[in-house]
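A.B. asks: Given chain A, put chains B and C in place with the hints provided.
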Amino acid sequence: MTPTIRRAAKAPTAKPAFIPDPGHVTDHLLVSGARKSFGGTEVLKGVDLTVAQGRTTAIVGASGSGKTTLLRLIAGFEAADAGTISLAGVEVAGPAAWVPAHKRSVGYVAQDGALFPHLSVGQNIEFGLPVRGRAAAARVGELLEMVSMDPSYARRRPSQLSGGQQQRVALARALARRPQLMLLDEPFSALDAGLRVATRRTVSQTLSDAGVTTILVTHDQAEALSFADQVAVMRDGKLAQIGSPFVVYTRPSDRATAEFLGDAVILEAWMEGSLALCSLGGIPVRRPPVQGRVHLMLRPEQIRITEGGSIRGRVVDTDYFGPETTVRIQLAPIAVDPGKPVDPHQPVGGEVINIRHWNAMLARPGTELSLKVVGEGVVFPWSE
Amino acid sequence: MSFFQSTTAELAPGSKSRRRAAGGRGTRSGPLAVVVLSILIAAFSLLPLGYVVVMTGNAGWDTIQKLVFRPRVGELLFNTLALVLITVPICVVLGIAGAWLVERTRLRGNKAWAVLLAAPLAIPAFVNSYAWVSAIPSLGGVWGGVLVSTLSYFPLVYIPVAAVLSRMDPALEQSGASLGLGPWQVFFRVVLPQLRLAAAGGALLVSLHLLAEYGAFAMMQFDTFTTAIYDQFRSTFNGAAANMLASVLVLFCLLLLLGESKTRGNARYARLGGGAQANPKRLALGWYQVPGQLFLAALSVLALGVPLFHVVRWLIAGGAAIWTGSALVHALLQTLGYGLAGALMTTVLAFPLAYLVIRHPGPVTKVLEGVNYISSSMPGIVVALALVTITVHNVPAVYQTAVVLVAAYALLFMPRALVNLRAGLAQAPKELDEAAQALGKAPLVAFVKVTLRLSAPAAAGGAALVFLGIVNELTATLLLAPNGTTTLATEFWAFSSEIDYAGAAPYALLMILLSAPMTYLLFAQSKKAAGQ
Amino acid sequence: MKTWFNKTVLNRTALSAIAGVSVLALAACGGSAAPAASNGASGSATDAIVVYNAQHQELTQAWVDAFTKETGIKVTLRNGDDSELSNQIVQEGAKSPADVFLTENSPAMTQVENAGLFTGISAKIQSQVPAAYRPSTNKWTGIAARSTVFAYNTTKLTQAQLPKSIMDLADPAWKGRWAASPSGADFQAIVSAMLELKGEAATSAWLKAMKADAKVYKGNSTAMKAVNAGEIDGAIIYHYYWFGDQAKTGENSKNVALEYFKNEDPGAFVSVSGGGVLASSKHQANAEKFLEFITGKAGQEILQTGTSFEYPVASEVAANSKLVPLKDLQAPKVDAAKLNSQKVTDLMTAAGLL
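Protein chains in written order, with our numbering: chain A, 9 to 392; chain B, 544 to 1075; chain C, 14 to 367.
Heads up, none of these hints are tricks.
In silico DSS-like pairs for lysine-lysine, Cα to Cα no more than 27 Å straight-line: (1) Lys169(C) <-> Lys188(C); (2) Lys356(C) <-> Lys609(B); (3) Lys351(C) <-> Lys177(C); (4) Lys609(B) <-> Lys228(C); (5) Lys228(C) <-> Lys275(C); (6) Lys335(C) <-> Lys169(C); (7) Lys224(C) <-> Lys169(C); (8) Lys211(C) <-> Lys609(B); (9) Lys346(C) <-> Lys177(C); (10) Lys53(A) <-> Lys973(B); (11) Lys177(C) <-> Lys224(C); (12) Lys609(B) <-> Lys221(C); (13) Lys609(B) <-> Lys224(C).
Simulated from the structure, these hints should not be mistaken for laboratory data.
Chain A on its own, in the form it takes in the complex (with noise of 0.2 Å):
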């Protein structure tokens, strides 16, 4: 993805509030230490998060992860206890600095828009707008079209529009006054399935049009994963791990991250060099953190139904949804070598796996399978 930087040069802009030093900003946006508490309940707990200029970031967690306050603190709709936070190089809140909301020139859409009800379209979007009459009125026109909405809809009133409309006009309306920074409060979770997937696109291909530094909360992995350059997994008002989406997802750094960001198989195993042995035989682990008792995560698409596989395992029974079908294997337990010393601690295996196929009539409950695995496997410390 090549950012198209379209900078103030047209249209009248908002009063910059700060003038960005191209010179030596190469981090966009910087929190360092954010902490947070309300009412004794700490709810960020050190947060340190870098966005290129331009770039998008999902921030990913759970509820009460802590994520929402983060964009709230980056906003500059609270203020943090401890931290700073810089924007396009200048500290907008930190122990000596503060800059309220309205100053940062930070664009902000939240969960369900928030569109002023009392409001047109049209005067909605140009709300922020430092300009009136026909300029903006022209403004408008070409906003509405940047998101993919007739500028006849100027007239209308938001609640005549759908919850993806109201989104996209919502998003109109925060990139009218060009800022530095997009904060999206997870501006698509209101919608319903097929909904959010058009508008989650539009307004994706909006904002790395325009360039603009973006950082969206969801709760949803993945919405995370398709939308962002970057992933940054909040949990328990840290953030675990921060990567691109398939590292994220291919290397989660531990176990809770694993099973947050998508379905894993969690097995017992035994880490001997760069082979983790389990019910499903010996797979490759790059870089093992530890060796002896693990856990080994696979994700359930690398576990595939194949004819002549080395490894079996009796279907227990089945989910169908239709394009595919979940299937849970019984597996055999660990085949121990005899000529080797057994290690108490060796796991015995034999777990149960939900893995996914796309036959449905393949795994009746009984059937006896052969299996093998692809790609590499992941391991987390032993903890009981």
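C.D. replies: Chains B and C in isolation, oriented as in the chain A frame:
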């Protein structure tokens, strides 16, 4: 995010001297200034209660014993209790029956009936009493009190119950029917329990009105605590006996509140989803159509027909002589002036608390709300007695000024403004304020352009109801009005207590004309507010 | 058990705290709170006077209209009852906005006089009002008079069945047959005369009997209306209610006749309405002018010719020709200064009438 805090630290970005916007950051307990303001207003609203407590304390046990434990108080207690215990159940039955007929049956002309059943609220109780005493001169005693107050106050039950009935999820009744209940069983076992909260709230309102009413009962020689306090006031200004009676009356009010909150428990109205409202199935009345129509017709004739007929009769009997232009215009203008000033001040005072309740719910807010709930139950006579005594001794600067009367109105009618403002502010979630801030509006600007703008219709609705209350207020106005001030209510009272019923009629007419649109507003609003 | 907390300390601190909060709250929103209502109110820079008026509003209004027409001095009325306003003046003390106080009965005047709040009446007033109708202290003056009567329903009672004395009404034979308006100052003045003439024990017993036997109405008009309607046989009221109604439609008095007890009975009590100028008045001259006007020929003639039907007492103006002349009433001799309103209220409260 606080709109009361100036946004400090607007110095050059990057400067080391920038300070934190202390307090301007979001806090759970709400912006300090709003909290302080709300506490001040709540403390102010506790004045009448505080006055009664202090006066009772100062009176000493001997005086209390002499003035409280005497047969006269027993009589008043009996009268007041009988009034409440007889009137309230009748109002509840009439209110629920009327609401059910109008909202849940195929009653002919139910739209018109719906309005007609709310309309008696436009006729002040003392005007109703005046009409009934004109019709039946010997009317009086407990039963006279019950008759007139029932006809004046049953809409206080009818309106909230009708609102809930019209919004009730028909699926519940259908489930009831599918579980084998007949229509009557469905009504008693499914519908009625859901009306409990609305009916209990209405019953509380009726009770508080019964305790506070003066004019209607004085007109028919029926003595309650409030009339007795006023009699004492006429004989002694603010003597110990008046204060003791006031303290018993206040105790009564507090017990009522306690009783109501016990009935209510922790229950709240079920919050209705945003989904399209299903149209409840209406019951075909068949042959019951006739008795149903007759019942509502009789109720309307008694509650509306009788007062209107007698007002018109006295207007005709009085002829042109009763239209004493200047006095009438004087009273009308002063009523309007006080109504507007009182409505404005009450709404402004209610705003900080409403704001806290919606935006910063928490323990402090809960206490403040409770305080308001208690203080607003104080009858007008107690409020007036407290303010007159406190101002004459401690705040002579405002004694006998419009300020005190307007303050009394604010104390008496704060809940009307509060309830509406709360509903209005709930329509303006803080996310909208924040959205405006993120769009570059300073917090104060965002507040004005979004929150204030969005809550304005509700604020206006609340103000209108306060206005309605002020137009018909009698006791506090009698005690506190500045020298030379007359309102429609006090002039009506001056004429009718001299049994110049014809002379009083134009004032009655004006009060009804001023009240009618506000009553309609109240009715229309209740439909919208149901479920909140 | 005595008082359960220190009276004086609590009184002062608690009330001041309450007051302080109220001032703050009021100040916070004071600006908006002055509607068009306060025109002509107290403390204005003009020479308008404020009259605390316990007399019938209609009568005082007639006086005020004539007075303003003659002198151009504006008058603002605060209407109330005798004891309500007298107590109010006493509590207001030197800060009272009142310039003149008018009552229906003298006990309230005495109360204000005893509090030392009246300035004396002018020589002109003294010359206009006979000594019998003003206290020897000359702190206030009589402005009108009214007689106690027994108003009875002519279809229910004959002349022969009437009580001979007001004291007879305590007889159980009258149980449920007579009425009064005990919450009004008129009746309380009659009781104060009884107290003065018959003593505390007899009065107290009479009041207890009244509590048991009499029907209680709010206001003399209402009581007379009830007599007229036959709800009750008779009522203790003042004479002018009957005449006033007769002069209008007679609707509320057509079945009613008046019985004067005469014979210096407490029930023949003639009550003197009073007027006085407050010492705290900032418009002494105008206030005095007003009182001079009322007791003067023009003012007293309003009593003669108007619809009030009260007796004139000054400037040698005769009563309305329809009234029984004052001198024929055989009223008991009562020193107005000795009528005790506080004691009466206490006795009536004790009897359960208040």
